[in-house]
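A.B. asks: Chains A and B supply the protein sequences, listed in that same order. Heads up: take any position in the first sequence, counting from 1, add 6, and you land on our numbering. Heads up: take any position in the second sequence, counting from 1, add 6, and you land on our numbering.
To be clear, the hints were calculated from the coordinates, so they are not data collected in a lab. Mixed in with the good hints, there may be bad ones.
Said to hold, decoys possible - Here are some of the chain B residues that sit facing chain A, going by a computed Cβ distance under 7 angstroms:
| id | residue |
| --- | --- |
| 1 | R12 |
| 2 | S70 |
| 3 | A138 |
| 4 | G140 |
| 5 | R272 |
Note that the structure is predicted; figures quoted are calculated from it, not measured. Heads up, the beta-carbon is just placed ideally off N, CA and C, and yes, glycines get one too.
Number of protein chains: 2
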Amino acid sequence: MPSVSRKGLSMPQSPIRKLVPFAENAKKKGAKVIHLNIGQPDIKTPQLALDAVKNNNLTVLEYSRTEGSEGFREKVAGYYEKHQIHVTASDIIVTTGGSEALAFAMSTIADNDDEIIIPEPFYANYNGFATACGVKVVPVISKLEDNFALPPIEDFEKLITAKTRAILICNPGNPTGYLYSKEEIQKLAVIVKKHDLYLIADEVYREFTYNEEGHYSILQEEGLDEHAIIIDSVSKRYSMCGARIGFLVSKNKEVISTALKFGQARLSPPTYAQIAAEAALDTPQSYFDDVKTEYLQRRNLLISELEKIEGIEVAKPQGAFYCIVELPITDADDFAQWLLEDFRVDNETVMVAPASGFYATPGLGKNQIRIAYVLDQTSLKRAVHILGEALKSYIG
Amino acid sequence: MPSVSRKGLSMPQSPIRKLVPFAENAKKKGAKVIHLNIGQPDIKTPQLALDAVKNNNLTVLEYSRTEGSEGFREKVAGYYEKHQIHVTASDIIVTTGGSEALAFAMSTIADNDDEIIIPEPFYANYNGFATACGVKVVPVISKLEDNFALPPIEDFEKLITAKTRAILICNPGNPTGYLYSKEEIQKLAVIVKKHDLYLIADEVYREFTYNEEGHYSILQEEGLDEHAIIIDSVSKRYSMCGARIGFLVSKNKEVISTALKFGQARLSPPTYAQIAAEAALDTPQSYFDDVKTEYLQRRNLLISELEKIEGIEVAKPQGAFYCIVELPITDADDFAQWLLEDFRVDNETVMVAPASGFYATPGLGKNQIRIAYVLDQTSLKRAVHILGEALKSYIG
Numbered sequence: 007m008p009s010v011s012r013k014g015l016s017m018p019q020s021p022i023r024k025l026v027p028f029a030e031n032a033k034k035k036g037a038k039v040i041h042l043n044i045g046q047p048d049i050k051t052p053q054l055a056l057d058a059v060k061n062n063n064l065t066v067l068e069y070s071r072t073e074g075s076e077g078f079r080e081k082v083a084g085y086y087e088k089h090q091i092h093v094t095a096s097d098i099i100v101t102t103g104g105s106e107a108l109a110f111a112m113s114t115i116a117d118n119d120d121e122i123i124i125p126e127p128f129y130a131n132y133n134g135f136a137t138a139c140g141v142k143v144v145p146v147i148s149k150l151e152d153n154f155a156l157p158p159i160e161d162f163e164k165l166i167t168a169k170t171r172a173i174l175i176c177n178p179g180n181p182t183g184y185l186y187s188k189e190e191i192q193k194l195a196v197i198v199k200k201h202d203l204y205l206i207a208d209e210v211y212r213e214f215t216y217n218e219e220g221h222y223s224i225l226q227e228e229g230l231d232e233h234a235i236i237i238d239s240v241s242k243r244y245s246m247c248g249a250r251i252g253f254l255v256s257k258n259k260e261v262i263s264t265a266l267k268f269g270q271a272r273l274s275p276p277t278y279a280q281i282a283a284e285a286a287l288d289t290p291q292s293y294f295d296d297v298k299t300e301y302l303q304r305r306n307l308l309i310s311e312l313e314k315i316e317g318i319e320v321a322k323p324q325g326a327f328y329c330i331v332e333l334p335i336t337d338a339d340d341f342a343q344w345l346l347e348d349f350r351v352d353n354e355t356v357m358v359a360p361a362s363g364f365y366a367t368p369g370l371g372k373n374q375i376r377i378a379y380v381l382d383q384t385s386l387k388r389a390v391h392i393l394g395e396a397l398k399s400y401i402g
Numbered sequence: 007m008p009s010v011s012r013k014g015l016s017m018p019q020s021p022i023r024k025l026v027p028f029a030e031n032a033k034k035k036g037a038k039v040i041h042l043n044i045g046q047p048d049i050k051t052p053q054l055a056l057d058a059v060k061n062n063n064l065t066v067l068e069y070s071r072t073e074g075s076e077g078f079r080e081k082v083a084g085y086y087e088k089h090q091i092h093v094t095a096s097d098i099i100v101t102t103g104g105s106e107a108l109a110f111a112m113s114t115i116a117d118n119d120d121e122i123i124i125p126e127p128f129y130a131n132y133n134g135f136a137t138a139c140g141v142k143v144v145p146v147i148s149k150l151e152d153n154f155a156l157p158p159i160e161d162f163e164k165l166i167t168a169k170t171r172a173i174l175i176c177n178p179g180n181p182t183g184y185l186y187s188k189e190e191i192q193k194l195a196v197i198v199k200k201h202d203l204y205l206i207a208d209e210v211y212r213e214f215t216y217n218e219e220g221h222y223s224i225l226q227e228e229g230l231d232e233h234a235i236i237i238d239s240v241s242k243r244y245s246m247c248g249a250r251i252g253f254l255v256s257k258n259k260e261v262i263s264t265a266l267k268f269g270q271a272r273l274s275p276p277t278y279a280q281i282a283a284e285a286a287l288d289t290p291q292s293y294f295d296d297v298k299t300e301y302l303q304r305r306n307l308l309i310s311e312l313e314k315i316e317g318i319e320v321a322k323p324q325g326a327f328y329c330i331v332e333l334p335i336t337d338a339d340d341f342a343q344w345l346l347e348d349f350r351v352d353n354e355t356v357m358v359a360p361a362s363g364f365y366a367t368p369g370l371g372k373n374q375i376r377i378a379y380v381l382d383q384t385s386l387k388r389a390v391h392i393l394g395e396a397l398k399s400y401i402g
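If we strip away everything but chain A, and leave its shape as in the complex, we get (with noise of 0.2 angstroms):
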């Protein structure tokens, strides 16, 4: 029988993943899980963009162009042209996902064996993405004390080697929720541009910040154009994770047509989620508005209830909707385990997203985890409520 690739064997697993067979067996056996563990919103997709697929007139349903129309294109260069990114349709390739947008990116800039320093902790799949390209991830480690902002710029000088080919950050962050000030982005448009770096920024949570500052591009800083890589995703923004459409966004035209290669070899993004992602660009304000204020609604209950509970650290989210608890325990792995195998309040339990997936360094984030803020706010309480006697009855 013929092995599997070392580079299979060596792919991540998600963190969630492991724990999905004890949430299974939990509802099996007639308990009720609250799920904080996954970034799927429960916020309706627009009805303009629903709407759109369900009217449409195609008959054939043809491939579409490998970079996404020319009238989609210019459309998202609209909605870039609102948030003070000045881009037009050629610098941008639709996707299948931001996922699609991150793996294109990584094979564009990156070889195998090259590096990519990504402050920790961060998204997980980044892990996946950068294995199945063969690239390294150097993770530069931000701190739940400082909300994770940026890590000292010394820090990353330290890991910067011949290999290194760029600096990845998620803005705002999943799973921190840290939101980069102008001045962060600053910082890292100095250092990139004096090593000749590129600097991807995921900032598919671009709409989610609850502070005055809100959000600064990579693309509004200026001298960057060169530097710069904008993966984008309509996932979160207009909750249709599973239209499955994203952005690779970069001024740089050798970055935009060698990603475009990439692109021509799996043909096109799929025609049908083409159709409400464009329609969703015509979203009024008032849409993302409401769900804003939903979130910080959620965010700042979530924070209040977490803070009643003794013994925890909460990092301050100001962006999209995750939130970092630290827990007076040394294995979430094992604690996350049992909230599904064992215990219960009123036949109900939580399920919880254990951190150390989320750091690329070995023993990192071991008594960490992330909560999602996708709920409505009862649900959210009763989840918080069941946390804080979890951990008395697991401590005790």
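We have chain A; now place chain B onto it with these hints.
C.D. replies: Chain B only, in chain A's frame:
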């Protein structure tokens, strides 16, 4: 300015894409271009697939399961059962097009610098995925005078090294139209078992066969379960190329679990497309009968018209909807460009795919073109007439 990757620089471009600007220019000048170059069928997508999407009742467009829903995969298994391929839902991963299934297969079985043997000429994008995965394509030559039948097994044996991981075939073939016989599949089975290799078969044109024997799948061959990986897609089968739904199918459990890890990184295949594809599985046999009759007529017309042209050699395709033609010229790339730039019959010209891009061995196929017979018979007949006139003028 940071450079792009060596991998990116070496990504091959489709042989057709280089001609696109010339075709666009011809159209701008008012000429009509008959496209013999593309595999986008003009056949209508089954109405029940289109209707399933139009009648969907989603309110939140959520992620689907990474591998596709249990129900969908069970229906897909039922489809295979009808084709004497005995698999279950757990042997199937739903992918974003056959393209992604191929990328997953390559990553699952091969590491950087590993080798995959492919009979040439072959589907040009195999090169793209191989480059993206760091895998080396080792071509074995099949010949027009044999209708591109399986090369002698000794030719494969000579190419097998310690780095060889798989043999990849396309059956029926794009660009050759060749349909492998049961005996040929059995010869391949012997060699992959002998050398402990995988046998990957791209069977996306399974239904499009024009001889009495019909299609023999690698998963119909007994004793090949641990070696066989099928790449499949709904794109051509139901004329829904824009859906982007494919399948990776294998009875080898380690292949499936490893491929699934690559799938997890990209979260899920597109949701709307899965609704369309699941509905398409109920397409009645009469649809295929009609489609097959139509393609058979087109093929027969194409071959008989081509054979009237002096000095050309035509492979007799038994499957898919492609045909390789050898022309009495030395440089088909130049000829194809000249057709678009300089040649007109009643202000019409044709666009063909130069075949050199389907070969990995430098210099091969320089005098060949690929014709896709995905047009109605009237257009097809006119296109061949134009091609004949063009040859007279080009040679003269």
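A.B. asks: It remains to establish, for every hint, whether it holds in the given structure.
C.D. replies: Each hint, compared with the structure:
1. Here the hint on R12(B) is kept, as its CB sits about 5 angstroms from the closest CB of chain A, short of 7 angstroms.
2. Below 7 angstroms, beta-carbon pairs count as interface contacts, and S70(B) has one with chain A at about 6 angstroms; its hint therefore holds.
3. Residue-level restraint check for A138(B) holds (minimum Cβ-Cβ distance to chain A is 6 angstroms; threshold 7 angstroms).
4. Interface hint at G140(B): satisfied, since its Cβ lies 6 angstroms from the closest Cβ of chain A, which is below the 7 angstroms cut-off.
5. For R272(B), the interface hint holds, the least distance from its beta-carbon to any beta-carbon of chain A being 4 angstroms, beneath 7 angstroms.
Hint violations for this structure: none, all hints satisfied.
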